[in-house]
Amino acid sequence: DSGVTQTPKHLITATGQRVTLRCSPRSGDLSVYWYQQSLDQGLQFLIQYYNGEERAKGNILERFSAQQFPDLHSELNLSSLELGDSALYFCASSAPGYNTGELFFGEGSRLTVL
Amino acid sequence: GESVGLHLPTLSVQEGDNSIINCAYSNSASDYFIWYKQESGKGPQFIIDIRSNMDKRQGQRVTVLLNKTVKHLSLQIAATQPGDSAVYFCAENRGADGLTFGKGTHLIIQP
Chain H
2 DSGVTQTPKH LITATGQRVT LRCSPRSGDL SVYWYQQSLD QGLQFLIQYY NGEERAKGNI
62 LERFSAQQFP DLHSELNLSS LELGDSALYF CASSAPGYNT GELFFGEGSR LTVL
Chain Y
12 GESVGLHLPT LSVQEGDNSI INCAYSNSAS DYFIWYKQES GKGPQFIIDI RSNMDKRQGQ
72 RVTVLLNKTV KHLSLQIAAT QPGDSAVYFC AENRGADGLT FGKGTHLIIQ P
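Residue numbers (the working numbering), protein chains in the order written: chain H, 2 to 115; chain Y, 12 to 122.
So that you can see chain H by itself, here it is in the shape it has in the complex:
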């Protein structure tokens, strides 16, 4: 158990809809990262937050947005969903104050768009 919690574990929805994925980082971790994993693209970095502020942005579509709240949990909002958005979405957190590649991943939210 990494200590990172993601909900929901599975989500099935239709094209054009909007969903929200939720992540609670490990206790004490200030950074939250979102990744998308699909079969053909591997793990793609979407966005990072640090203590409520956006820190880095990767290949995140304009239809997607995220935020980190004062209690440090984060939400990833996916709107106008398309079939190609079907994927596993992972949240990860990292310990503060040290430049490390050690991220602690949750078990992911599997999104299926029909």
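In case anyone wonders, no lab produced these hints; they're calculated from the structure.
Just so you know, these numbers come straight off a predicted model, no measurement behind them.
From the three backbone atoms N, C-alpha and C, an ideal C-beta is built for every residue, glycine too.
Careful: at least some of the hints might be erroneous.
Some chain H residues judged to face chain Y by a derived CB distance under 8 Å, without partners named [said to hold, decoys possible]: (1) G4; (2) G17; (3) L44; (4) G53; (5) A57; (6) G59; (7) N60; (8) Q68; (9) F70; (10) F91; (11) E103; (12) L104; (13) F106; (14) E108.
Listed next, the stretches of chain Y that the computed footprint assigns to chain H, with coverage defined by at least 3 CB atoms under 8 Å from CB atoms of chain H [to be verified]: (15) 50 to 57; (16) 62 to 71; (17) 90 to 104.
For lysine to aspartate or glutamate, the following EDC-like pairs were computed, each having C-alpha atoms within a straight-line distance of at most 20 Å [to be verified]: (18) K114/Y with D2/H; (19) K67/Y with E103/H; (20) K10/H with E50/Y; (21) K114/Y with E108/H; (22) K53/Y with D72/H.
Model the placement of chain Y on the given structure of chain H, informed by the hints.
This is chain Y only, laid out in the frame that chain H set:
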């Protein structure tokens, strides 16, 4: 564009043998690399990391080798066990840009 990648999508080894998983990178400015293991139905899990000022780093049953001349790194797993069955990713830490992952190698353990 520049990216981190792996040579083989699948590697099959006999239980008890050593496994070697390879990764090539193209960004010569990269200075920090990490290996992750992802078991079925789970998120990636950190295994070991190495910085560019090192050629080799050892952990428990794992060794990472870095060859900066040919921009190649490898993960060696000694005495492979059934629990080692997973997808292995190399990743490059680009600091503020987050981790860039390769596509992964699926390690299959034959009994």
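| Hint by hint, which ones does the structure fall short of? | Violated: hints 1, 2, 4, 7, 8, 9, 16, 18, 22.
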